[in-house]
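A.B. asks: In case you want the letters, here they are:
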Amino acid sequence: MAGTSGKTSGARSKSAARSKGGAAKSSPAIVEFTKEQELSAYRHMLLIRRFEEKAGQLYGMGLIGGFCHLYIGQEAVVVGMRMASKDGDQMITGYRDHGHMLAMDMDPKGVMAELTGRRGGYSKGKGGSMHMFSKEKQFYGGHGIVGAQVSLGTGLGFANRYRENGAVAMTFFGDGASNQGQVYESFNMAQLWKLPVVYVIENNKYGMGTSVERASATTDLSQRGASFGIPGEQVDGMDVRAVMAASEKALEHCRSGKGPYILEMITYRYRGHSMSDPAKYRSKEEVQKMRTEHDPIEQVRKRLLDNGWASEDDLKAIDKEVREIVAESAEFAQTDPEPDVSELYTDILL
Amino acid sequence: MARMTMIEAIRNAHDLAMDRDRQVVVFGEDVGYFGGVFRCTAGLQKKYGSNRCFDAPISENGIVGAAVGMCAYGLKPVVEIQFADYMYPAYDQIVSEAARMRHRSAGQFTCPMVIRMPTGGGIFGGQTHSQSPEALFTHVAGLKVVVPSNPRDAKGLLLASIEDPDPVIFLEPKRLYNGPFDGHHDRPVVSWKNHELGDVSEDYFTVPLGKAKIRREGSALTVLAYGTMVYVAQAAAEEAGVDAEIIDLRTLLPLDLETIEASVKKTGRCVVIHEATKTSGFGAELSAAVQESCFYHLEAPIVRVTGWDTPYPHAQEWTYFPGPERIKRAFAQVLEG
Ligand SMILES: Cc1ncc(C[n+]2csc(CCOP(=O)(O)OP(=O)(O)O)c2C)c(N)n1
Ligand SMILES: [Mg+2]
Numbered sequence: 000m001a002g003t004s005g006k007t008s009g010a011r012s013k014s015a016a017r018s019k020g021g022a023a024k025s026s027p028a029i030v031e032f033t034k035e036q037e038l039s040a041y042r043h044m045l046l047i048r049r050f051e052e053k054a055g056q057l058y059g060m061g062l063i064g065g066f067c068h069l070y071i072g073q074e075a076v077v078v079g080m081r082m083a084s085k086d087g088d089q090m091i092t093g094y095r096d097h098g099h100m101l102a103m104d105m106d107p108k109g110v111m112a113e114l115t116g117r118r119g120g121y122s123k124g125k126g127g128s129m130h131m132f133s134k135e136k137q138f139y140g141g142h143g144i145v146g147a148q149v150s151l152g153t154g155l156g157f158a159n160r161y162r163e164n165g166a167v168a169m170t171f172f173g174d175g176a177s178n179q180g181q182v183y184e185s186f187n188m189a190q191l192w193k194l195p196v197v198y199v200i201e202n203n204k205y206g207m208g209t210s211v212e213r214a215s216a217t218t219d220l221s222q223r224g225a226s227f228g229i230p231g232e233q234v235d236g237m238d239v240r241a242v243m244a245a246s247e248k249a250l251e252h253c254r255s256g257k258g259p260y261i262l263e264m265i266t267y268r269y270r271g272h273s274m275s276d277p278a279k280y281r282s283k284e285e286v287q288k289m290r291t292e293h294d295p296i297e298q299v300r301k302r303l304l305d306n307g308w309a310s311e312d313d314l315k316a317i318d319k320e321v322r323e324i325v326a327e328s329a330e331f332a333q334t335d336p337e338p339d340v341s342e343l344y345t346d347i348l349l
Numbered sequence: 000m001a002r003m004t005m006i007e008a009i010r011n012a013h014d015l016a017m018d019r020d021r022q023v024v025v026f027g028e029d030v031g032y033f034g035g036v037f038r039c040t041a042g043l044q045k046k047y048g049s050n051r052c053f054d055a056p057i058s059e060n061g062i063v064g065a066a067v068g069m070c071a072y073g074l075k076p077v078v079e080i081q082f083a084d085y086m087y088p089a090y091d092q093i094v095s096e097a098a099r100m101r102h103r104s105a106g107q108f109t110c111p112m113v114i115r116m117p118t119g120g121g122i123f124g125g126q127t128h129s130q131s132p133e134a135l136f137t138h139v140a141g142l143k144v145v146v147p148s149n150p151r152d153a154k155g156l157l158l159a160s161i162e163d164p165d166p167v168i169f170l171e172p173k174r175l176y177n178g179p180f181d182g183h184h185d186r187p188v189v190s191w192k193n194h195e196l197g198d199v200s201e202d203y204f205t206v207p208l209g210k211a212k213i214r215r216e217g218s219a220l221t222v223l224a225y226g227t228m229v230y231v232a233q234a235a236a237e238e239a240g241v242d243a244e245i246i247d248l249r250t251l252l253p254l255d256l257e258t259i260e261a262s263v264k265k266t267g268r269c270v271v272i273h274e275a276t277k278t279s280g281f282g283a284e285l286s287a288a289v290q291e292s293c294f295y296h297l298e299a300p301i302v303r304v305t306g307w308d309t310p311y312p313h314a315q316e317w318t319y320f321p322g323p324e325r326i327k328r329a330f331a332q333v334l335e336g
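Those sequence lines, one after another, are chains A and B.
To convert, note that position 237 of the first sequence is 236 in numbering that gives the first Met the number 0; the numbers rise steadily by one, no gaps.
To convert, note that position 322 of the second sequence is 321 in numbering that gives the first Met the number 0; the numbers rise steadily by one, no gaps.
Keep in mind the hints are simulated off the structure, nothing from the lab.
The reader is advised that the hints may include incorrect statements.
[As the list claims (entries may be wrong)] Think about it this way: if two alpha-carbon atoms lie no more than 35 Å apart in a straight line, the pair counts; the simulated DSBU-like pairs of lysine-lysine are:
(1) A/Lys279 x B/Lys45
(2) A/Lys85 x A/Lys315
(3) A/Lys283 x A/Lys315
(4) A/Lys204 x B/Lys46
(5) A/Lys288 x B/Lys46
(6) A/Lys319 x A/Lys257
(7) A/Lys319 x A/Lys53
(8) A/Lys288 x B/Lys192
(9) A/Lys204 x B/Lys45
(10) A/Lys279 x B/Lys192
[Claimed, not checked] Computed Cβ-Cβ distance ranges for the label pairs, DEER-style:
(11) A/Leu348 x B/Gln332: 22 to 32 Å
(12) A/Pro336 x B/Tyr295: 49 to 59 Å
(13) B/Gln332 x A/Asp346: 23 to 33 Å
(14) B/His184 x A/Pro336: 14 to 24 Å
This one's a predicted model, so the numbers in the text were calculated from it and none came from an experiment.
Backbone N, C-alpha and C define an ideal beta-carbon position, used for all residues, glycine too.
From just these sequences and the hints, can you work out the full model?
C.D. replies: Here you go:
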């Protein structure tokens, strides 16, 4: 997504704080996007959505084994964050990671081929859906163990400060993960050592089959750093503009040496937790309501049309282009060979 | 008598234990409202209330630590760690607290707890959903380690574990939840509903800890296996026409040395099988134990068939998994010796 990380400095503020939880800790304002920004956000979110739909299909066909967690519904979070970030900022997340990699401009072919366990995958087929990395694109994984990446992201932040490189470690984790003990060990260290880390809590309301209310004593997760003095705010994670505005503020806070920042993105996952989720813990109506009333892509689409910045045909053309990229990745992921058996013994001390 | 899957048998064991003893509480991630990701606790919250069967946040360290505290005050927690692969954050509490509480309090406090964890591979889980960490527990004095291989044993061993006054690590081979698996991944799956070991009494019964079970009597060699590998060994023996005596250990700690010794002294040959990696795996302990007690009866070196010393792979799972072919080669090797 390089090149889209434009500043919104010229952009106008419109509405005031919108999400629940009080003005002090919610997004300061919605920043209007320029036409280019809307189009860029649209295209990148659509790429993630189409990619995930395809991954779901391949899974259904038996071409992807094991665990696969789709990001559908949450696209605005990673896209808005990436639009605010600079090249050089790192990203690290859990196992729901495909969207993050695409937002970091990793090649869809390499991501899809990792899902199918092929040698052209980002981990040569050795990592699978949950474990992919790209040094070149500053993507630090892809981690299957809930919460583990939060400590790693903290270490990335330390390295940034140590090297004085001006970069920020964008460390993503879920509402469920926010109850892991190591998250709080990390918060303390990050604030103690004033590390440039934005902790992005993607609150999609469920950790697997357990709702936030059933797992968390306090549900305003943006305040989870309060006892360490880490500022935090809740953000409408379905609105890419709100995400970008909040991210810019958080990144700036980190870059200026003030230490970590917490952004709680209020979002929603449309699909099951993973591909084998019986979805008995929430109603179909709840999912449907989010899809029809809050869809992050539809919101941008509507604004593009309303503003006359794109026609239906223009948007169809973008969709076509995106579908081609995804089809190509799926094709590659099915034709690329499996890794050689000898790969089992590489990258490991024997 | 009813036909049950291993999941149903485990659920039934929970139900009976909760019904019989009010000190038994059941909790873990997604365990209450949702009924567990493998459905092993489905219906318990409804039946016994959310005071006795409940959800825990994703906090493995806290879950096990809290359970240790409950034990100290006389409760009998049965906790689920969703996959054995997620147990590492809790390892400190298991080793430093649960396993040693009895010893360091000179018997004033014990830990009558069960920590259930699905274990093992064969489900395309990759490196964070397929591990077999039994040796990390068998190395710890103060723990008991149980690995059932069928619905009947799962129920009886779980009830015995809940009754036991000390901490029991209860490893459930997840590939066996719905049916036996002999390593032939390209063949149709068999359900416990069509298998005699799926016959489980609905009454309360226990299978004693520390007692192995001979699954196949034979005279040519002794196989020491547990969990999924019991079925893979059986398939290998049948396909190779080897008269193997297959011992399902069922409990790794305490180990049923008596049964092992009697068998190896009879056959003079021994193959040790597990899915976990080889180096410092439980097979090393088994080999040493057999060597110590049966050295003069052995006619060939003991052979281990294990997972490779690598992380559990995403691609090439069936190269990693010790399937029937590898076991047949091991049979040939010990029979040659
Ligand atoms: C240490 C650990 N415990 C449990 C799990 C199993 N698990 C995987 S995802 C998940 C839910 C996480 O929820 P959340 O953090 O909200 O992220 P989301 O899936 O909603 O993106 C659980 C319990 C795990 N992978 N690692
Ligand atoms: Mg969540």
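A.B. asks: Confirm or reject each hint.
C.D. replies: Hints and how they fare:
Taken as a hint, the A/Lys279 and B/Lys45 pair is honoured in the structure, with Cα atoms around 15 Å apart against an allowance of 35 Å. Restraint check for A/Lys85 and A/Lys315: the C-alpha separation of about 30 Å stays at or below 35 Å, so the hint holds. Restraint check for A/Lys283 and A/Lys315: the C-alpha separation of about 29 Å stays at or below 35 Å, so the hint holds. Note on A/Lys204 and B/Lys46: the hinted pairing holds, with a Cα-Cα distance of about 26 Å set against a maximum of 35 Å.
Between A/Lys288 and B/Lys46 the alpha-carbon distance is near 32 Å, which keeps this suggested pair within the 35 Å criterion. In summary, the hint linking A/Lys319 to A/Lys257 is not supported, as the alpha carbons are separated by about 44 Å, beyond the 35 Å threshold. The straight-line distance between the Cα atoms of A/Lys319 and A/Lys53 is roughly 14 Å, inside the 35 Å bound, and the hint therefore holds. Proximity of A/Lys288 to B/Lys192 is assessed by CA-CA distance (about 40 Å); at most 35 Å being required, the pair is judged violated.
Proposed proximity of A/Lys204 and B/Lys45 is supported: the alpha carbons are some 23 Å apart, at most 35 Å. About 25 Å separates the Cα atoms of A/Lys279 and B/Lys192, which keeps this hinted pair within 35 Å; it holds. Checking the proposed 22 to 32 Å range against A/Leu348 and B/Gln332 shows it holds: the Cβ atoms sit about 27 Å from each other. For the pair A/Pro336 and B/Tyr295, the supplied restraint of 49 to 59 Å holds, since their beta-carbon distance comes to about 51 Å.
Checking the proposed 23 to 33 Å range against B/Gln332 and A/Asp346 shows it holds: the Cβ atoms sit about 30 Å from each other. Range check, B/His184 to A/Pro336: about 20 Å between beta-carbon atoms, so the 14 to 24 Å window is met.
In the structure shown, a violation is registered for the earlier hints numbered 6, 8, in ascending order.
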